[in-house]
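*Asks:* Residues per chain, in single letters:
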Amino acid sequence: MIHVIAFYLFAVMTVASAAITILSRNPVHSVLWLILAFFNAAGLMVLTGAEFIAMLLVIVYVGAVAVLFLFVVMMLDIDFAELRAGFVRYFPLGALVALVLLAEMVLGIGAYRVGSIQLGTPDGTAAVAEGVSNTAAIGALLYSRYLFLFEAAGIILLVAMIGAIVLTHRQRNDTRGQKISKQNARRPEEATVNVKPEVGKGVTL
Amino acid sequence: MTAFFQSLGMTYDWAWFVSTVCGILLIALPLMLAVAMIIYVDRKIWAAMALRRGPNVVGPFGLLQSFADGLKVFLQETIVPSAANKGIFLIAPVITFTVALMAWAVIPFNSGAMLANINVGLLYILAISSLGVYGTIMAGWASNSKYPFFSAMRASAQMISYEVSIGFIIVCVVLWAGTFNLNDIVKAQQGHVFGIFNGFVFNPLLFPMWVMFLISSLAETQRAPFDLTEAESELVAGYQTEYSSMAFAAYWLGEYANVLLMCALNTTLFFGGWLPPLDWAPLYLVPGFIWFLLKVFFFFFVFSWVKATVPRYRYDQLMRLGWKIFLPTSLLFVVLVSGYLMLTRYS
Numbered sequence: 003m004i005h006v007i008a009f010y011l012f013a014v015m016t017v018a019s020a021a022i023t024i025l026s027r028n029p030v031h032s033v034l035w036l037i038l039a040f041f042n043a044a045g046l047m048v049l050t051g052a053e054f055i056a057m058l059l060v061i062v063y064v065g066a067v068a069v070l071f072l073f074v075v076m077m078l079d080i081d082f083a084e085l086r087a088g089f090v091r092y093f094p095l096g097a098l099v100a101l102v103l104l105a106e107m108v109l110g111i112g113a114y115r116v117g118s119i120q121l122g123t124p125d126g127t128a129a130v131a132e133g134v135s136n137t138a139a140i141g142a143l144l145y146s147r148y149l150f151l152f153e154a155a156g157i158i159l160l161v162a163m164i165g166a167i168v169l170t171h172r173q174r175n176d177t178r179g180q181k182i183s184k185q186n187a188r189r190p191e192e193a194t195v196n197v198k199p200e201v202g203k204g205v206t207l
Numbered sequence: 204m205t206a207f208f209q210s211l212g213m214t215y216d217w218a219w220f221v222s223t224v225c226g227i228l229l230i231a232l233p234l235m236l237a238v239a240m241i242i243y244v245d246r247k248i249w250a251a252m253a254l255r256r257g258p259n260v261v262g263p264f265g266l267l268q269s270f271a272d273g274l275k276v277f278l279q280e281t282i283v284p285s286a287a288n289k290g291i292f293l294i295a296p297v298i299t300f301t302v303a304l305m306a307w308a309v310i311p312f313n314s315g316a317m318l319a320n321i322n323v324g325l326l327y328i329l330a331i332s333s334l335g336v337y338g339t340i341m342a343g344w345a346s347n348s349k350y351p352f353f354s355a356m357r358a359s360a361q362m363i364s365y366e367v368s369i370g371f372i373i374v375c376v377v378l379w380a381g382t383f384n385l386n387d388i389v390k391a392q393q394g395h396v397f398g399i400f401n402g403f404v405f406n407p408l409l410f411p412m413w414v415m416f417l418i419s420s421l422a423e424t425q426r427a428p429f430d431l432t433e434a435e436s437e438l439v440a441g442y443q444t445e446y447s448s449m450a451f452a453a454y455w456l457g458e459y460a461n462v463l464l465m466c467a468l469n470t471t472l473f474f475g476g477w478l479p480p481l482d483w484a485p486l487y488l489v490p491g492f493i494w495f496l497l498k499v500f501f502f503f504f505v506f507s508w509v510k511a512t513v514p515r516y517r518y519d520q521l522m523r524l525g526w527k528i529f530l531p532t533s534l535l536f537v538v539l540v541s542g543y544l545m546l547t548r549y550s
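Chains as they are written, first to last, in our numbering: chain A, 3 to 207; chain B, 204 to 550.
Honestly, the hints are just simulated from the structure, not real lab data.
Note that the Cβ used here is the ideal one computed from N, Cα and C, for glycine as well.
Certain hints may be false.
The calculated DSS-like cross-link candidates involving lysine-lysine, where the alpha carbons are at most 30 Å apart (straight line), are [stated by the list, open to error]:
1. B/LYS527 - A/LYS184
2. B/LYS247 - B/LYS510
3. B/LYS349 - B/LYS275
4. B/LYS510 - A/LYS181
5. B/LYS527 - B/LYS510
6. A/LYS184 - A/LYS198
7. B/LYS349 - B/LYS289
8. B/LYS275 - A/LYS181
9. B/LYS510 - B/LYS349
10. B/LYS289 - B/LYS275
11. B/LYS510 - A/LYS184
12. B/LYS275 - B/LYS247
Chain B is nowhere near these chain A residues, computed Cβ spacing over 12 Å in every case [as the list claims (entries may be wrong)]:
13. ALA68
14. LEU101
15. TYR148
16. GLU153
17. ILE157
18. ARG172
19. VAL195
20. GLY202
Please model the entire structure based on the sequences and the hints provided.
*Replies:* As structure tokens, then:
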């Protein structure tokens with residue numbers, strides 16, 4: 003009974019907050035509702051027994067990706083009138099994206115129904131053996147059968163990261179950064195001089 | 204506990220529900236009391252190190268000071284700035300406070316004595332602590348005031364930076380323990396070094412990880428010397444500048460609950476949780492609960508000690524420490540630890 007209540011709670015919250023994400027006028031509110039949607043989706047995954055994926059969803063999307071979204075959106079100077087003005091212009095593009103997503107969903111579910119995708123089945127026959135935590139199950143699969151795909155994904159991410167750094171990094175010569183190793187390497191002998199100047203003469207350094 | 208309520212004639216669902224609610228209250232209420240007392244302890248330790256007396260007026264030895272402060276704050280007027288984004292402004296302290304309490308669900312107080320004995324306990328803690336950023340960032344943005352906004356930016360950048368190295372440190376511990384379950388991680392530390400010491404901290408490969416974890420947990424909870432979000436000389440009072448009354452108190456309590464959580468994590472991950480420090484039979488006569496609380500209190504003392512003695516970092520130094528020192532070092536140790544385990548345990 004609790005499972006059913008929890009499922010409907012999470013499901014309704016996910017769908018509702020996803021809808022408000024789109025409908026909300028203020029982009030910051032949108033991102034916050036999106037975060038709520040992510041969080042509830044994680045709740046749904048816990049209910050299906052995929053607790054590892056659920057935690058990763060929260061850590062990666064809620065903890066990192068959405069924070070960056072929020073940063074960007076908060077920094078923007080938002081003109082609400084301009085935001086709404088583009089609606090008609092971009093409507094065909096939006097409709098096209100929606101169509102593509104719908105087609106993908108239909109194809110995906112269709113292929114799954116026909117049985118051409120090897121996933122767990124709804125009745126649980128292909129589920130992970132009892133007693134194996136799904137962290138261990140995913141690890142075993144990821145590091146054996148899908149090792150090269152996994153490594154390739156890692157390398158693509160690394161390349162993307164380096165690319166972003168290369169694109170945005172500027173070498174600036176007019177700044178004077180603190181060089182901590184140089185500061186630490188300085189000794190009193192080389193940094194100070196002990197002189198006894200004659201009266202009225204002063205010191206040249 | 205579920206079995207007990209079932210024996211009273213409830214169905215399994217109801218028994219589970221009631222026992223979970225009881226468990227939550229059993230953790231949350233003592234935790235709130237502990238937070239109130241730990242604020243007092245913090246002020247006393249700080250005062251002692253500055254050769255002052257600290258709070259000593261309300262109640263015997265000033266023990267009731269925190270409650271007096273709480274009552275004062277409770278009776279104040281809640282002020283919402285007219286330019287603030289009302290909904291987010293009001294929900295932000297709630298998030299901080301809730302998140303600070305939520306993570307306690309998986310902390311083992313004794314062998315198996317935790318609210319939720321889940322397989323991914325440590326990941327759950329990472330997930331929940333990554334939510335803590337939102338309380339801060341929402342407060343800063345919704346206040347619609349420049350100092351809170353600066354502070355929120357600083358706080359969230361700081362929390363994200365140090366979460367990365369905390370993640371790698373945790374990976375080392377998890378590799379050694381072979382599980383994400385906090386209770387099993389504690390068990391894996393029994394007789395860890397020569398069958399004498401209980402705790403990963405006595406392991407030469409994991410000791411540097413503990414040092415980094417301690418420093419990262421100071422940064423993660425924005426305690427001194429990393430309390431840049433509340434640097435009075437630069438920002439008025441941090442992201443909670445515009446908050447008053449109970450909303451402010453929620454931040455206050457949440458902050459200290461987070462500090463306690465980090466102390467508990469230090470204890471659980473590196474100092475053998477509810478196990479006694481030595482794997483010696485007579486020490487097991489003392490209940491694990493006592494050992495756990497003693498260790499947590501010890502770590503809280505260390506936190507206060509640091510707060511009283513170490514001057515504040517500069518923001519660029521903080522970022523340098525996080526990204527240029529901790530991140531590469533912890534990454535190196537992940538390689539070292541996994542390599543060592545591959546050679547010894549799994550070959």
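*Asks:* Run through the hints listed earlier and report the numbers of any the structure violates, in increasing order.
*Replies:* 8 and 13
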